[in-house]
Amino acid sequence: MPRSSQSPKPGARVLVAMSGGVDSSVAAALLVEQGFDVIGATMKLFCYTDDVPDRPCCSLDSIHDAARVAASLDIPHYVLNFEDRFGRDVIDDFVREYSQGRTPIPCVRCNSFTKFRDLTAHADALDCEYVATGHYTVSKDGNLYRGADSGKDQTYFLWGIQRDVVRRMLTPVGSLTKKETRDIARRLGLATADKKESVEICFVPDNNYVKVLEEKLGLDAPALSPGPFVDSSGNALGSHQGFARYTIGQRKGLPGGFPEPMFVTRIEPHERKVVIGPASELFNHKAELKEVNWLADTLRVGDTCHLQIRYRSRPVPARIAESAEPNRLTLELIEPARAVAPGQSGVLYDGSRLLGGGILN
Amino acid sequence: MESTTKTAYLDNAATTPVRPEVLDAMLPYLAPEGVGNPSSAHRFGREAKQAVATAREQIALALGAEPNQVIFTAGGTEADNLAVVGGALAARDAGRPFAVAVSAVEHPGVLEAAYAVERMGGKAIVLPVDESGQVERDALRHALQQGLALVSAMWVNNEVGLIQDIAALADICLEYATPLHTDAVQAVGKIPCTMQDIPLHFLAIAGHKIGAPQGIGAAIVKDRQAVHCITHGGGQQFGLRSGTENVPGIVALGVAVELSVQHQQHDAAQYGALRDFFETKLREIIPNVEVIGARGPRAPHISNVAIPGIDSEAMVMHLDLAGIACSAGSACHTGTVEPSRVLTAIGIPHDLATRSLRFSVYKQTTQTDVQHALDVIPGIVNKVRGLATTLGR
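Going line by line, the protein sequences match chains A and B. At position 261 of the first sequence (counting the first as 1) the number is 261 in the working numbering, and the numbers step up by one without a gap. So the mapping is simple: the working numbering equals the position in the second sequence, first residue as 1, plus 361.
It should be emphasised that the hints constitute simulated quantities derived from the structure, not laboratory data. Any given hint could be a false lead.
[What the hints assert, rightly or not] Pairs of lysine-lysine residues, derived as DSSO-like cross-links and limited to a Cα-Cα distance of at most 30 Å, are as follows: (1) Lys-211/A / Lys-195/A; (2) Lys-9/A / Lys-744/B; (3) Lys-367/B / Lys-9/A.
Take these sequences, add in the hints, and give me the full structure.
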């Protein structure tokens, strides 16, 4: 595990994405301490309404918190309005994916498009050699590695960024544990030191994504309309209130009365079917990735790596089975993976080094 | 880091520095020996009360009103709210129409107050304006015929500096016996501005646009019966604005209004010369720049310019890093930029409206400041145009 991130170049200009949370606050503070010429920016990503009152990240209060931290560090701070682009690149995609029976991860697209493309364009225009965030990942010598705090590591969400941005990334908290980050925030007296963690999707109030889908798609959208539960042989087992309420591996909200626990094993959006089955039907020996992006040299057929199919799942050893089309990849899993959900990310690692990834198909 | 850059403050329409004479006048009221509460019966209270009375006289004299018509507030927005909401409530309770009409180029302090009236069960009408910001006369007459508690029109618009023909509107309102309120926050000290010859019922001013500190303003209320208080409490200021008076601020406002009105002609010439220098040079440097409102009557201290191909949000940021302070559209409380409602109302296309910057001058502004801005603008425009292309906006 590489500990130090990069050798500081005193005076080099860096644009820090400051969400108003403790991690990016500490990131900015550490960069100031290391002698960088730091500019803070908070991205306004969507229209804030009363629906999102005390969200630790992404609300108006958070913009104020970021501004307060920047003021205490004596660095300039700006609010960048990314509402249109974030809406298009992230929220619209989120809604579209659910409407097609998949389970998207908006944070991946936010990193790929918003933070490390749009924000980086601002960094270019501001003559910033570097961009920094409060991500728990370590950028070193053009590679990204898992963050030192295994419970906080965020590399899973970073596979889609452009490879040439990695060299410009500064990741000051990536080599810290969350506790160390908070300790630094307290030592520096940062206003955000004891702010609670944001764990939900920033634009989804109360963790109720269905409400967002209802607003965007309308209550009568196919994804939110009744459809059948079936087993793997096609036998009808009852009805559900919309397949967008389900994800692969889900156990809650399914019909009862079976000898063993049942899980969602597949979603068939065209027939609005939610297929359920016992745990044994959840395991896959194969994974298909689309929209593949590499942050290391491209692996070839036969090469091995580790594949992680969920944020919290253990990576499994895998072998590249096919890579005929440029942005697609088929992996053969040496150990089976449980509940591979289309729309989630399949992320490739070599030890702690992030190699790339794609969207599970 | 932030302090080492050479700076030029060209955002005086957002807030001006405090004038030295004003600071001198208010400092004794911030001195360690203290100041009394104007409501107190003892000598300290009397002294404070006297200071407030003096400021009332200064303001009344300068603006063509009577001292007992001056109601001090925490700023322009509160003065606007007192006139619009308080005026509408008084009309409602007197059995007159519970409806207000406001121009489409009002400050949010008026526009949002009108919407508050609507939420209380009243009616809010937004009057369209022409391309020089003048309220459409037909629309005004139509609204007046339907019956209104009051009309509100901003004397000098804060984003573009357009001057409303308040005298003409006042005459029309008079025909319908309907009170007229004007937000004169950007007008005082910039253009001749008096209630002497114009039948205005309400007028709002703010200290921090004329060299007094932030947090003090006043509403001039011609007829106290025509307005209800919206701040309830101890009954200070004729019962129209409860709450202990901000004595240092009031003293400052009195002096600031007096000086601003006394020196208006001279100051306006200085502002106008700086603005014209800026706009002439800017047109030379950036040939396709558009000066917003250039054809209408404009107050001399504001220059709103649209630069094709830029992103005004990014421009403000880059200019700030180069030490130049200006605004994109109207400053919003989060600091982000929305396309300006005012620019849209005067017919500026949406695309151009999001590419506009407001530069504004005051007494301390020098030609060197303006030149500094002119020196750095071309390089920044090039960079930001590149960014706007990348981001596709």
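Results for each hint:
1. Restraint check for Lys-211/A and Lys-195/A: the C-alpha separation of about 26 Å stays at or below 30 Å, so the hint holds.
2. At roughly 24 Å between alpha-carbon atoms, Lys-9/A and Lys-744/B fall within 30 Å of each other, so this suggested pair holds.
3. Our distance criterion of 30 Å between C-alpha atoms is met by Lys-367/B and Lys-9/A, whose separation comes to about 24 Å.
The structure meets every hint from the earlier list without exception.
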